[in-house]
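For the record, the sequence lines run as chains D and P.
With the first letter of the first sequence counted as 1, position 442 gets the number 442 in the working numbering; the numbers rise by one all the way through.
With the first letter of the second sequence counted as 1, position 3 gets the number 3 in the working numbering; the numbers rise by one all the way through.
Worth double-checking, as some hints may not be accurate.
The list treats identical chains as one, so a pair stands whether inside a single copy or across any two.
[Unchecked claim] Heads up, simulated DSSO-like pairs for lysine-lysine below, C-alpha to C-alpha not over 30 Å straight-line: (1) Lys397 to Lys118; (2) Lys185 to Lys433; (3) Lys392 to Lys306; (4) Lys185 to Lys392; (5) Lys433 to Lys268; (6) Lys185 to Lys136; (7) Lys118 to Lys433; (8) Lys118 to Lys268; (9) Lys306 to Lys268.
Treat the hints as calculated values from the structure; they're not laboratory data.
Protein chains: 2
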Amino acid sequence: MGATLAQRFRPLVPVILAGGRGERLWPVSRESRPKPFLRIAGERSLLQQTVLRAAALMPDAIVIATHEECCFQVFEELEEIAPQLDGAFLHILLEPETRDTAPAVCAAALYVARSFGKQAELLVLPSDQLIDEQAKFAACIARAREAAAAERIAVLGTPASTPQTGFGYIARESDGRDAGSFVEKPDRRLAEHFVASGRYDWHTGICLATAEVLEAAFAQHAPDILAATRSALIRGRRLAGHAQVFRMDREAWAALPEISLDYALLEKATGLAAVRADFAWQDIGTWTSLSALAAADSAGNQVEGKAVFVNARNNYVQSDGRLVAAVGVQNLVIVDTPDALLVGSQDAAADVGRIAEQLRRRREEAGFQHRTVHRPWGTFTVLCEDEHCKIKRLRVKPGAALSLQLHRHRGEHWVVVEGEAEVINGDATFRLKRHQSTYIPPGCRHRIANPGTRDVVIIETQTGDYLGEDDIVRLEDRYGRTQH
Amino acid sequence: MGATLAQRFRPLVPVILAGGRGERLWPVSRESRPKPFLRIAGERSLLQQTVLRAAALMPDAIVIATHEECCFQVFEELEEIAPQLDGAFLHILLEPETRDTAPAVCAAALYVARSFGKQAELLVLPSDQLIDEQAKFAACIARAREAAAAERIAVLGTPASTPQTGFGYIARESDGRDAGSFVEKPDRRLAEHFVASGRYDWHTGICLATAEVLEAAFAQHAPDILAATRSALIRGRRLAGHAQVFRMDREAWAALPEISLDYALLEKATGLAAVRADFAWQDIGTWTSLSALAAADSAGNQVEGKAVFVNARNNYVQSDGRLVAAVGVQNLVIVDTPDALLVGSQDAAADVGRIAEQLRRRREEAGFQHRTVHRPWGTFTVLCEDEHCKIKRLRVKPGAALSLQLHRHRGEHWVVVEGEAEVINGDATFRLKRHQSTYIPPGCRHRIANPGTRDVVIIETQTGDYLGEDDIVRLEDRYGRTQH
């Protein structure tokens, strides 16, 4: 299969999908901090691993598509790996609401077409996967680019070894040949038939095509998505002070359905090019897939954290500080976080997503929000809360500052327990060292900054009759948050 | 069976067993706050229910035997029911270490003999039981007193309906007749045989005998226990300012074995008098017995707290604030507390005790200590702790005061979030209202008192390089704690 010279010099733009709800990994993964930010199999997050993998392909740019609430978390993740990125040109596309992969890929195609031309090739990379063997990966992407030169969508498949019902299946063909069919999430019987036939691959979620081909496919199979996405892009805007961060228009975006690329496009499209993914690939979809990565003791129990077992076998326990005791139980997944606990059968791992769904309907915060919240200046963790008092631990990064703000209803006591802070309290500006404290009465403007080179940690005790997060007037903010 | 006039006018002294580890109800019940203090089936604790039940018998006195760490908790419990106690004469016997029921009953027998004469009748009442039908209970105790008039130990039995291996079994006889045999905790096969035969009762743990008869039985079957207990009593002392509180000598007590009355005495004694307990009786021994008291939803799930279920049936969930999600699991007991979590099979409820045992060996605090600790002045709860900082919520009762104290290594910041405190900080004494705060540097003497009529709640942020509870110098204490 030959490619013209022009085709060979098409820009390559990996599009990293870093949004989603990751509900099947609840309660560790939540909408406010989904799977891509988890540190699995190594010290780097799944997102960092994916960005570095993409950067190694020497692309013309990298686009990261994520939920707008995750924007500052993406900044942090990228900052950590900046020395390794070697000047790769990064763009961030912010989705105002989670809408699954079809709208994300469609928006990325339009964005890439506008920025790099319609001939630019999008390499769609989910970030909830573990991939080894970078050289094989790069070679496989090169073959996919060959296939895409024929103006087709190349889809990467890996041999289907078990009848998973959560994957898409593509007919196994020689590299670059037409994929005979694409079936997303078959039922158990069909999946068993696929595996038995030996002629099907799992779709890895990785695909490659030019912006033009993708746009044409959306126009044919999902014109509504194309129209709404285009409108969200036209009416969207760049983030103040961050030329490479683009926020889709909230209202236009809200009209989009929540649907995956596989359902909206790949299952309907004809002439997909099947490309064999021969590198080591693992989807991080459920707790079962995660537990496959952990070492077990002689009774088959896998533990991250503190646990004690009595007559318990083959359990996966992950605990964030608290002690977990398991007695007379088998094949359970036990995941404990500061505000929510999961106890599930390993067979039911795929049903975990239904919990977050139920909680979202009930508007339970634990469904989507973590106890520790990331902000551009660092993090805060709610340690304790009742009607009269709320206690937070603030961790402020070196060089960072919270907004200059005031609260109408609550007073705040700050005690510095690590580092040295620069504080504005009313008209005074002063330093607060470890062990020192200050009190900010209601109505008084204030700010914490960290002029030092290590984190500042402050215990904040709020008192007052109303302690909601919305009692805040931002007077000045270096992260552009005074308007919202 | 006749009783002499002297026998009929023997003093009656209920002895309430309120110690123990309650390890099979871990993590809710722990050595520092065992089962008797749990609020089950009503607003009153098991201890309060038992004390009121005993008081209704119009006894000459009531003795409560408990661990010395629980002393101030017993005070609190009794204070709450003081209006209902109607002047019942209460004594508290403090055990320096948990040693099960044989040493406790032996100590109580010697104590009662000394205070009320050898002819006084001890009514031994475990406090980890639910009993209904007070009139039937009183009538049954009257029959037991008749039986004890023949200088025997009366043991109360209730029909054995299932082959429980955790109970003692006594041959079922007419009231007051010799119990043919007493078998403590038989194996499963023997228990099944007992139940099938229809001739056995469960021992309720309630028994009645004169101090003299008990002492003689100990002399015959457990002379070591009698000797060590006598020595602990002779060398023990009354608590300063509390004439009715007697603390056994620590060193003598330490020599005692940890053994139940049933094993040490009842199984060996001849001529026990079997008395039928015809009142509603339920042992609160394991999570299974507790779950029998809770209402279930249509899927058989029982919940105290916040929970969400997906394909989950017949589970018992108890949670203290955190959200619990159960997916695809059956017949589990899930008990969540601020610092420890239990996930167990309902079939393995009796094995829960082995967790606390393991933790005690490993010296894990969660094995025996709760996150909220009771003190004579109120409670403190550790909200958060790391190497640089420890945050506590102090709740000080009206009229109470902490000791005048100082710390060598840590500083403390206090913020009042409820009530108004009187504070000594160095040479100054002042009031702190809600929203106000003060800082106590290391080495500075300080005290919090609550002069008001409602609780004072203070958030204490400790900073320093050493934050252990033993960094305390008590200068003055109204609860007699300056020496230890």
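Status of the hints after comparison with the structure:
no.	hint	result
1	Lys397 to Lys118	neither (41 Å within a copy, 73 Å between copies)
2	Lys185 to Lys433	neither (57 Å within a copy, 62 Å between copies)
3	Lys392 to Lys306	both (25 Å within a copy, 23 Å between copies)
4	Lys185 to Lys392	neither (43 Å within a copy, 50 Å between copies)
5	Lys433 to Lys268	neither (63 Å within a copy, 69 Å between copies)
6	Lys185 to Lys136	within (27 Å within a copy, 65 Å between copies)
7	Lys118 to Lys433	neither (56 Å within a copy, 68 Å between copies)
8	Lys118 to Lys268	within (22 Å within a copy, 93 Å between copies)
9	Lys306 to Lys268	neither (48 Å within a copy, 43 Å between copies)
In this structure, the hints that do not hold are numbers 1, 2, 4, 5, 7 and 9, in rising order.
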